[in-house]
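Between the sequences and the hints, there should be enough to build the whole structure, so can you do that?
Each chain, letter by letter, is given below.
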Amino acid sequence: MLNRRMMLQGMATGVGAALGTSLVPGNLLAATGSQTTPKRIIFFMQNQGFDPRTCIPEGMKRSGSLAKVKLPEPISPLEPYKDRLHIINGLHGLHTSPSHSAFFGALGGYRGSDGVPPAGATIDYELSKILPQTLLPHLCIGMDSMENMSTKPTIATLSASGAGQPIFMHSNPNHLYQMLYGGIASGDIRRRHEARSNIFNQIEQLAAAEGKALPIADQRRYGQYVQGFKDVNGLRDRLDSVADRLRDFAPEVDSRYTSPEFETDWHDALLDLGISALTSGITNTLTIGSGRGEIFGAWKGLGVEQQGHNLGHMDQPGNPIWIKIRQYNSRMLVRIMEELESIPEGSGTMMDHTLIVYTSNNADRQHTSGANWPVMLLGNFDGAFKTGCFTQLDGKRPINALYASLLCAAGQSCDRFNMNEKIAQKFDNSIGPLKEVLA
Amino acid sequence: MIRVGIAASTFLASLLLIAPLSVSQLAIAQSETYTPGQKIDKEYATFARQFLDSHCVDCHGATEPEGGLSLNDLGPVDEVNAGTWEAVWAQVTLKEMPPPEMDQPAVVQRLQFSDWIADELSHVMREQGGFHAPQDPEKGNFVDHQLLFGPLPDGIKLKPTASPARLWRVTPQEHITRLNELINTEPEYDPEKPGLRTHGDVVPTNHGGELKLYFGTDRIIYWQGGTVAYATAVKSVPAVLSTARAHGLENYPDFYTVNSAEATQILSIAEDILRYMAEGPLSIAEPYQISDDIRSVRNRMKGDIRGLPTSIVYSTQVVRPLTPVYDLMSEEGVDDQRLQAAVDYLFEALTFRPPTEKESLQYLTIAKQSIETLGKDEGAILGLSPIFLDRDALFRPELAKAGSPDQYGRVMLQDWELGLAVNHALRYIKPDEQLHKAIVEGRMRTRDDVKREVERMLADDSIRKPRILQFFRDYFDYDRGGYICKDSRALAATGVSNRGTAHYNAMFDATASTDRLIELVLAEDKDVLKQLLTTNKVVATKADNVYFGRRHSKEETRASIAAAKQAEQEALKTETDALENAQQQLAELKASLEENAEPDDAQQKDLKAHQQAVIKAKNKLDAATKKWKEKTFNHNVAEVDLTGPELFARVSRRSFGKGSMQPERILAEAPEGQRLGILTHPAWLVSHSDAMDNHAIRRGRWIRERLLGGGIPDVPITVDAMLPDEPDKTLRERMRVTTETYCWTCHEKMDPLGLPFEMFNHAGLFRETEQDKPVDTTGAIIDSGDPNLDGEVANAIEMIERIAESERAEQVFVRHAFRFWMGRNETLNDAPVLQEAHRAYKENGGSMNALIVSLLTSDAFLYRSHSAH
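Just so you know, the sequences run in chain order A and B. Heads up: the first sequence begins at 1 in the working numbering, then just goes up one per residue. Heads up: the second sequence begins at 1 in the working numbering, then just goes up one per residue.
Hints in this document: simulated from the structure, not taken from any laboratory. Beta carbons: idealized from backbone N, C-alpha and C, even for Gly. Some clues are possibly wrong.
Some chain B residues judged to face chain A by a derived CB distance under 8 Å, without partners named [claimed, not checked]: (1) T232; (2) V258; (3) A263; (4) G303; (5) G307; (6) P309; (7) I366; (8) T373; (9) D725.
Put into structure tokens, the structure is as follows:
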């Protein structure tokens, strides 16, 4: 029989899981009797590439402190937070085929491309398994044009729980709200939540009835199927039981949800929901796909009239359009930090136990070989990572090495992430975590 | 990564056994009757320990044990020593131990010991997920081939066979194909173009190898942008059911369940499907996008909207199936009758059988409640979606509850269960009309009923039978090439293009081509296995001129470059000479005219003509220069010119705009002496390669297991040996590490069978040199089980020719077919079924159809037992 944690893990990859509960970070975990210090991680993947010249302070060629330098204009909103920022330049993703997008390969560290199924679990999923348990270990949200988010509210391009097992991301904030907070909602959302709850309850009953008197060998296998529904329904019930506490974290549903003027209204709403899932303790891992891992995406709400693909053909440094998008990303990062900082946890705040990984699913630019893959880290993850600095690497270590570092920082030793020795002989000149970035 | 380890049990490799069986043991072995599958009611102390003492501990004793493994203190099976016992189980079952030169335990004694260990391991490991090795298809060959096809020694008594009653989860491909039936109309079979994808064929993977369900692509008549824009704009959902196996048989009933994530995703996809069934492209597009007037829609497309759903124009012609779901949703209000019809339709479409009254009522009630809460539009869609999660929509039951047990306790499948089992054996869509009628009329209850329906379906080409092709994919493993990630530089060195996704596209095309080639061989239905192993036919795309080509040696590459340069110079020389000549003539004319003070009109005209001639000659030279510059040569490959009649292969719906896979192919002949059968085709070769090179071990293992019927024990987790990274050495040279005694016991079974394929590089091109030296393609068949096969081989072609003539290979092929269609490993009790299936195959001239009929009318297929098999 799958254990409960595995079941929750499974649910995290579900689209419309009639979630229902929460063990909130410290508070809900406490309800389960866990003494583990909560930790959480956020991956923010902007498409079209992340040109290093838009994040490395002017004139900075070597590794060093950020204290006395000014951050470039595109990431200027992070200036007040640069003491917790770590800019990493010189990782590579040559083996991931990132031109246009490495898709699952960006977080998986393996070859990806349009239409290519995931070759293995991605780092966000792997971390969600080993971080201290939350109700839904992994939540993915995707930001795109209004049309794409409406007609394709769930797609899977970035995260995977294993080879050929994509994890869907949520792009319609109304659906996501219903999934996370249907139990505390009112009006239409409440009605939909109840209808869906009723459906799941009945499916569970039917499934259980059809499982009676199966051969012994099949009882366990089919039992897992039925157990999946029991967990979905059980979680919902438990969510309802902590509804009062969830109310403190759930964002308010306003006109941005129902009558968005621009796609950025939904982007903001999705971010609110993602942050609330972290602060309420529903999840420990949040993956944000700005542009949803593909080569398109839209930001009309910022005054950017160009469509996604054209944006990738532009040089990013000094480009007013890219300054707008990157600043918008940066403001989102600031919001995440501020929200997490506002919540006490242990002897500090939630942010003390959090790490944000900001990068692109396209390495440094849209048409790229992946020879350079810039990354920004925010937060120190309980002191595991250096902050307030810029690190220039020599281009010999792959993004997989960063992911191995994340696993190590989360408590799981890892020499190589998704890279066998044979491939490593070609693409990694060292082994183990990136000592340059760990504290 | 190539691991070169050996099984832990090969620590036993040099075991010296000296103790003969004691008199009492021999007496036991000789007097007892062994019935496969019956629990071995014996104790560790009085049975297993004695076996170990008699056959193992002389070498694996307390002092200086062979391989460092002592079995002296190996106690009863427990969680701690389970790994050692598993290794002992594998070695003894495979008859690797005791070594051949030593006294052997009696056949029955060996079988009993093997079963005893398996029973004990199953019991002890039940909290850790159990011990499933005997049920693993990769261990199918652990059952002694001679005992299955040869005479049984005294003391073994078989019992009439049956398969266990069970639930069989559908595969991702079956599931997607089932869902596809709800929203897409596939074309009817066209006997003039039999290769084209048609109704009943499986939904294939797309241009990138991903399995997806596409919405409305058959109505798209325009889109803005290129291939990626199209792929982003169209609606598609990936398969949600998971599989973990890449090689070998993919779907035994006990492999998979459906987890909660998959279930919730299915529910969400169900809503999308139901909405599309009701509204068609309107569910994914704006009304103005549905028009036959592309221009009018384009006028409404403001600016660059590539990649957006609004960048697509759908034709007005309705092509999706219009079903009771459409009827329900297209009318105002809710009509009970229509709701019921929609429920019943969906149930049968998803489970392939009509609902019982109770089932129908249950789902009707859910739908009504949902409509009551949410109103018709939203409520009906949500309320109908649970049918997609019905047990029988995701699992196919073979529970055999209806019949009565025979004298052996077996129950024969009947009616819907039997009909759907037969249907599933060949097809992915619901039973055709005749089979449906036979089930409903009570004519699916006997062996003859099954024979009648199977023979009918096999004889009718318009009834597509994708499961047969799936068997060949599972058996040959030729469909993995597009998923083998290649190092870009290593790929370029093979001679094929490493630009973009060209190689991966070529491999997905090659898979579809090989599918078609197999179908052509199946259409002949003569000596099927032999034909597949030795055919000189190739189904090819243009890219195959390279992939079936020959890799140039360094000298040839140099010569090719020089020849191209010379050809260029020669081609340009004509034009250069012409220009120089024209210039010369012009200069001479000018000089002559300068002598005249006033050139007359004729002279002026002549001058102009000469000037024009110079311009013309210069333009010609420029054009020729440009043409040569643009001309691309592949100096690394002697391409073949594959020609032949046109035919078609089955490819995905349009998934990547104009870059989608194309069905056009030709049927050509491979270069003689370089290729022989599909094991020498790039699709198979690349499927058995890795990022940097050939995978001789995997290829050898394939030959050992799939043709020779041998078994390879698991690589022990303690072994993590790597081939040395020596770029200037050949693979064969680097594989020297596997010849060390420690490794060779296992690698002897694989490497000499895989190395003959070194006549091809890792993109599948034929080659005569490697590292600038003549390539070594020698190998050997060692200990195959058929002495006529054993011996050295000069290359893969000689090896294939020899094995293709072998009866043993035929029998092993039959064993794999048995596993595929029964969904389980064979046991000794299945020996009569296997022998009969082989007889049917052979006596009908190597007929796959005869083999399938034999298997599907066997007891193993028809009967279910409610006790574990």
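A quick look at each hint next to the structure:
1. Interface restraint check: B/T232 against chain A, minimum CB-CB distance 5 Å, threshold 8 Å, status holds.
2. Using the Cβ-Cβ criterion of 8 Å, the hint placing B/V258 at the interface with chain A is satisfied: the shortest such distance is roughly 5 Å.
3. About 5 Å separates the beta-carbon of B/A263 from the nearest beta-carbon of chain A, less than 8 Å, and the hint is met.
4. Taken as an interface hint, B/G303 checks out: its beta carbon lies about 7 Å from the nearest beta carbon of chain A, inside 8 Å.
5. With its C-beta approaching chain A no nearer than about 3 Å, B/G307 sits inside the 8 Å limit, and its interface hint holds.
6. At a threshold of 8 Å, the smallest CB-CB gap from B/P309 to chain A is about 5 Å, leaving the interface hint in force.
7. Taking 8 Å as the C-beta cut-off, the interface hint given for B/I366 holds, the closest approach to chain A being about 5 Å.
8. Taking 8 Å as the C-beta contact cut-off toward chain A, the hint placing B/T373 at the interface holds, the least distance being around 4 Å.
9. Because the beta carbon of B/D725 sits about 5 Å from the nearest beta carbon in chain A, less than 8 Å, this interface hint is met.
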